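K.L.:
Heads up: the protein sequence lines correspond to chains L and P, in order. For the first sequence, the tail end lands on 306 under our numbering, and the numbers increase by one without skipping. For the second sequence, the tail end lands on 481 under our numbering, and the numbers increase by one without skipping.
Read the hints as simulated data drawn from the structure, not as lab findings. If you're wondering where the values come from, they're calculated on a predicted model, not measured in any experiment. Errors might be hidden in some of the hints.
What the hints assert, rightly or not - Quick partial rundown of chain L residues pointing at chain P, CB under 7 Å, derived from the structure:
id : residue
1  : Met-1
2  : Ser-3
3  : Arg-4
4  : Ser-92
5  : Asp-95
6  : Trp-102
7  : Asp-107
8  : Arg-243
9  : Ile-247
10 : Tyr-302
Note that the Cβ used here is the ideal one computed from N, Cα and C, for glycine as well.
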Amino acid sequence: MLSRVADAVFWMARYMERTDNVLRMLRTNYIASQDEIQNFDWQLWVDGLSARSEAVVKVSNYREALRYLVLDKENDSSVLINIVRARENARSVQDYITKEVWQCMNDYYHLIHSSSTEQLLIENDPVTAIDNLLRESVLFYGTVDITMSRGEGYTFLNLGKYLERSLRTLDLLELKMQEIDAGGNEAMHWKYLLYSLSGYEFHTKRYKNALVSPDVLDQVFMNTQFPHSVLYSLHQAERYFRRLDSISLPEHFKEMSFLLGKSISNLQYGINSNAPAAEVRTVIVNTRAEIKMVAHKLAIFYFGYS
Amino acid sequence: MSSTDFLSDYSVRPNVWDEMYWQGNIREHYQLFFDSLIQASVTELSHKDDLAKKLFMSQGITFTVYNDGEGIEKIFPFDIIPRIITAKEWEQIELGIKQRIKALNIFLRDIYHDQFIIKDGVIPAALIHSCPGFLREMVNVNVPFDIYTHISGIDLIRDSDGSFYVLEDNLRTPSGVSYMLENRNMTYRIFPGLLPKNNVRSVKDYPDLLLKNLRLLAKQQKNEPTVVVLTPGVFNSAYFEHTTLARLMGVDLVEGRDLVVDNAKVYMKTTAGLKQVDVIYRRVDDEFLDPLVFNPDSILGVSGIYYAYRKGNVVIVNAPGNGVADDKAIYPYVPHMIRYYLNEEPVLKTVPTYGMDEPEHFKHVFANIHKMVIKKTNESGGYGMLMGHAADEKQVAVYKKEVEKNPRQFIAQPIISLSSVPCFINGKVQPRHVDLRPFSLYGPDGIEIVPGGLTRVALREGSLVVNSSQGGGSKDTWILG
Numbered sequence: 001m002l003s004r005v006a007d008a009v010f011w012m013a014r015y016m017e018r019t020d021n022v023l024r025m026l027r028t029n030y031i032a033s034q035d036e037i038q039n040f041d042w043q044l045w046v047d048g049l050s051a052r053s054e055a056v057v058k059v060s061n062y063r064e065a066l067r068y069l070v071l072d073k074e075n076d077s078s079v080l081i082n083i084v085r086a087r088e089n090a091r092s093v094q095d096y097i098t099k100e101v102w103q104c105m106n107d108y109y110h111l112i113h114s115s116s117t118e119q120l121l122i123e124n125d126p127v128t129a130i131d132n133l134l135r136e137s138v139l140f141y142g143t144v145d146i147t148m149s150r151g152e153g154y155t156f157l158n159l160g161k162y163l164e165r166s167l168r169t170l171d172l173l174e175l176k177m178q179e180i181d182a183g184g185n186e187a188m189h190w191k192y193l194l195y196s197l198s199g200y201e202f203h204t205k206r207y208k209n210a211l212v213s214p215d216v217l218d219q220v221f222m223n224t225q226f227p228h229s230v231l232y233s234l235h236q237a238e239r240y241f242r243r244l245d246s247i248s249l250p251e252h253f254k255e256m257s258f259l260l261g262k263s264i265s266n267l268q269y270g271i272n273s274n275a276p277a278a279e280v281r282t283v284i285v286n287t288r289a290e291i292k293m294v295a296h297k298l299a300i301f302y303f304g305y306s
Numbered sequence: 001m002s003s004t005d006f007l008s009d010y011s012v013r014p015n016v017w018d019e020m021y022w023q024g025n026i027r028e029h030y031q032l033f034f035d036s037l038i039q040a041s042v043t044e045l046s047h048k049d050d051l052a053k054k055l056f057m058s059q060g061i062t063f064t065v066y067n068d069g070e071g072i073e074k075i076f077p078f079d080i081i082p083r084i085i086t087a088k089e090w091e092q093i094e095l096g097i098k099q100r101i102k103a104l105n106i107f108l109r110d111i112y113h114d115q116f117i118i119k120d121g122v123i124p125a126a127l128i129h130s131c132p133g134f135l136r137e138m139v140n141v142n143v144p145f146d147i148y149t150h151i152s153g154i155d156l157i158r159d160s161d162g163s164f165y166v167l168e169d170n171l172r173t174p175s176g177v178s179y180m181l182e183n184r185n186m187t188y189r190i191f192p193g194l195l196p197k198n199n200v201r202s203v204k205d206y207p208d209l210l211l212k213n214l215r216l217l218a219k220q221q222k223n224e225p226t227v228v229v230l231t232p233g234v235f236n237s238a239y240f241e242h243t244t245l246a247r248l249m250g251v252d253l254v255e256g257r258d259l260v261v262d263n264a265k266v267y268m269k270t271t272a273g274l275k276q277v278d279v280i281y282r283r284v285d286d287e288f289l290d291p292l293v294f295n296p297d298s299i300l301g302v303s304g305i306y307y308a309y310r311k312g313n314v315v316i317v318n319a320p321g322n323g324v325a326d327d328k329a330i331y332p333y334v335p336h337m338i339r340y341y342l343n344e345e346p347v348l349k350t351v352p353t354y355g356m357d358e359p360e361h362f363k364h365v366f367a368n369i370h371k372m373v374i375k376k377t378n379e380s381g382g383y384g385m386l387m388g389h390a391a392d393e394k395q396v397a398v399y400k401k402e403v404e405k406n407p408r409q410f411i412a413q414p415i416i417s418l419s420s421v422p423c424f425i426n427g428k429v430q431p432r433h434v435d436l437r438p439f440s441l442y443g444p445d446g447i448e449i450v451p452g453g454l455t456r457v458a459l460r461e462g463s464l465v466v467n468s469s470q471g472g473g474s475k476d477t478w479i480l481g
């Protein structure tokens with residue numbers, strides 16, 4: 001397939017995955033701020049989710065925070081901008097993705113721009129607004145699964161999806177650790193982290209203790225049955241990457257396999273769930289750098305970047 | 001809605017051929033559809049109108065106006081009531097277009113080789129050489145199967161007596177065919193059951209025919225040629241059409257930056273390395289095709305592609321240089337071409353055309369300006385026109401000065417009133433003016449035209465300008481079987 005098309009499909013998947021993750025997290029945070037956590041620190045999330053170079057925006061309440069994080073056109077990391085970018089990528093490969101996927105992207109785009117979404121989010125029940133958006137997101141995943149051919153494009157799409165997912169999980173974990181540092185009940189913060197990753201139910205079934213750090217870190221980093229864990233995401237990325245064997249130059253394939261394998265091994269054998277927070281932070285930073293290197297090499301070897 | 005209610009708002013302008021309504025009666029070929037239409041209430045029709053808009057939006061059949069980074073989505077206006085053409089009328093249209101395309105194609109072959117038509121004094125040499133679409137680079141270039149006009153859209157209009165006239169020939173990169181296909185898809189959603197009931201001929205073969213032709217063009221070199229569609233990119237207003245055609249044909253949609261020329265062969269950059277391209281259906285204008293030969297500032301094209309083409313290593317569709325044949329100053333000579341090359345009488349009429357470089361024409365046109373339209377010879381899209389009946393004295397004076405500066409660049413024609421058809425506008429069924437652009441495909445097997453075309457409609461009351469850039473819309477076109 002065309003390098004440009006592979007690149008656009010990869011990024012479409014990344015933006016869609018990012019959107020889905022951010023929305024789940026915002027939904028959980030909003031509920032937490034209404035129910036359990038007094039004086040929920042929205043500013044931490046606004047700062048944490050913004051691109052580092054952006055000027056810091058101050059928010060004074062949850063409505064402002066939600067508006068900024070979901071709908072603000074000036075915020076380069078808002079959900080709206082993510083969807084616009086995903087759709088712009090989809091538009092440039094409209095002939096390659098299926099008509100159904102394209103239509104799905106369109107419906108999503110029109111929904112986030114609709115006055116009803118804004119009204120629900122800013123004046124009424126934000127959960128309904130987020131749920132409506134998340135429904136479009138799962139429709140996208142389902143439509144991709146049902147209609148897209150299992151060719152190269154599907155491989156790049158999944159590479160984008162799983163690399164992005166692993167990065168999101170790392171970012172979220174890092175922000176949660178900052179929240180825990182700031183104080184409050186640790187178990188409660190862990191619970192909301194797991195809610196954000198759609199993994200709370202899984203945790204209660206799989207782990208017997210009541211939300212202790214080693215268990216949570218084990219699930220979020222290493223559990224290969226938990227679809228948002230970093231290791232699960234990297235395994236998936238590696239599984240899809242192997243399909244590129246037949247079209248790759250041998251040296252490219254070898255280097256990519258090495259990088260992916262290394263990041264998986266480092267994670268599997270380089271972390272102890274009982275480790276102190278400082279050590280966990282180092283693992284987060286290192287793993288993130290390794291995953292970014294994988295994406296960087298992918299762009300050079302397959303997408304024609306120089 | 002009763003028939004009388006329906007027609008109470010339907011006032012046909014004098015001296016206009018209305019395709020549905022004639023002397024208080026509904027024409028026979030509209031009767032069946034009309035009977036179904038009057039069973040629907042205004043509310044139902046409005047719902048259908050809304051449904052069509054919603055479908056266009058959600059299917060992304062839109063163009064984007066970019067400002068401040070993020071674009072605004074717009075749909076091309078669509079009118080829900082189809083335009084109906086009888087089998088007999090279509091037979092004439094088809095015959096006339098095939099004849100015209102054949103002659104124009106021979107003209108292109110002749111003008112870029114022996115130029116017999118100039119030597120025999122049928123067309124003046126000065127006219128050809130002053131034509132911006134004439135490419136010296138194409139002289140003595142042999143194109144596969146001697147075909148230049150692979151895809152053409154001939155614009156037709158109907159005068160007050162109902163006869164068809166050719167308004168202009170589009171032989172470069174005519175657009176609109178995706179709307180022909182999408183408008184049909186819309187009709188079966190908004191009028192379930194009516195297409196089979198009216199025995200409407202299908203248009204869906206178009207992409208298959210096009211692909212067949214594109215592949216056949218490279219058959220001399222390769223059994224399994226690689227065909228691509230070349231687009232200027234997502235910012236082009238016809239981008240939706242480019243993706244639709246690529247998707248329906250199952251070929252790659254490439255941009256200039258995806259292609260590279262090496263050793264006079266064209267390759268596309270894929271994840272697995274370079275892959276040779278054999279046939280390019282380009283939707284990029286001649287001027288931007290190759291910065292080494294044409295506009296050096298162009299980044300839409302590919303350096304060296306024209307050399308690869310001349311070497312016969314790649315087929316470019318349509319052939320470069322077709323602009324000399326659809327120039328508005330050449331238009332009045334097309335009937336002469338038909339007689340000269342084919343020894344036949346033209347089937348379709350041509351609108352009388354006055355080249356403004358003739359002083360007598362100039363005088364005549366400005367003496368009768370209220371009956372005339374003046375156009376620039378190398379502009380399309382309804383730009384640069386002066387409609388004499390709608391212009392005031394000041395506008396005429398300004399335009400006259402423009403013409404005096406470079407009269408070769410202008411032609412004038414008497415205003416043809418354009419036929420009208422029913423449209424559903426603001427909750428009422430009203431007549432509006434239309435033209436028709438059928439799309440013909442010329443391949444090694446001959447010329448084929450899918451039974452249909454793009455009907456463009458001037459949505460403003462009384463307006464004769466159908467271009468989408470000037471407040472025009474489109475509607476489905478039914479050719480009855």
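K.L.:
Confirm or reject each hint.
P.N.:
Evaluation of the provided hints:
Contact between L/Met-1 and chain P, as hinted, is supported at the beta carbon level, the nearest pair being about 6 Å apart and thus within 7 Å. A least Cβ separation of about 5 Å between L/Ser-3 and chain P falls short of the 7 Å threshold, and the interface hint therefore holds. Contact between L/Arg-4 and chain P, as hinted, is supported at the beta carbon level, the nearest pair being about 5 Å apart and thus within 7 Å. Evaluation of the L/Ser-92 hint against chain P yields a held restraint, the C-beta minimum of about 5 Å falling below 7 Å.
At a threshold of 7 Å, the smallest CB-CB gap from L/Asp-95 to chain P is about 4 Å, leaving the interface hint in force. Given hint, L/Trp-102 at the interface with chain P, holds; its Cβ is 6 Å from that chain's nearest Cβ, closer than 7 Å. Taken as an interface hint, L/Asp-107 checks out: its beta carbon lies about 5 Å from the nearest beta carbon of chain P, inside 7 Å. At about 12 Å, the closest approach between the beta carbon of L/Arg-243 and any beta carbon in chain P exceeds 7 Å, and the interface hint on this residue is violated.
At its closest, the beta carbon of L/Ile-247 sits 4 Å from a beta carbon of chain P; the interface hint therefore holds under the 7 Å criterion. Checking L/Tyr-302 against chain P by beta carbon gives a least distance of about 5 Å; that is within 7 Å, so the hint holds.
Consistency with the previously given hints fails for number 8 only.
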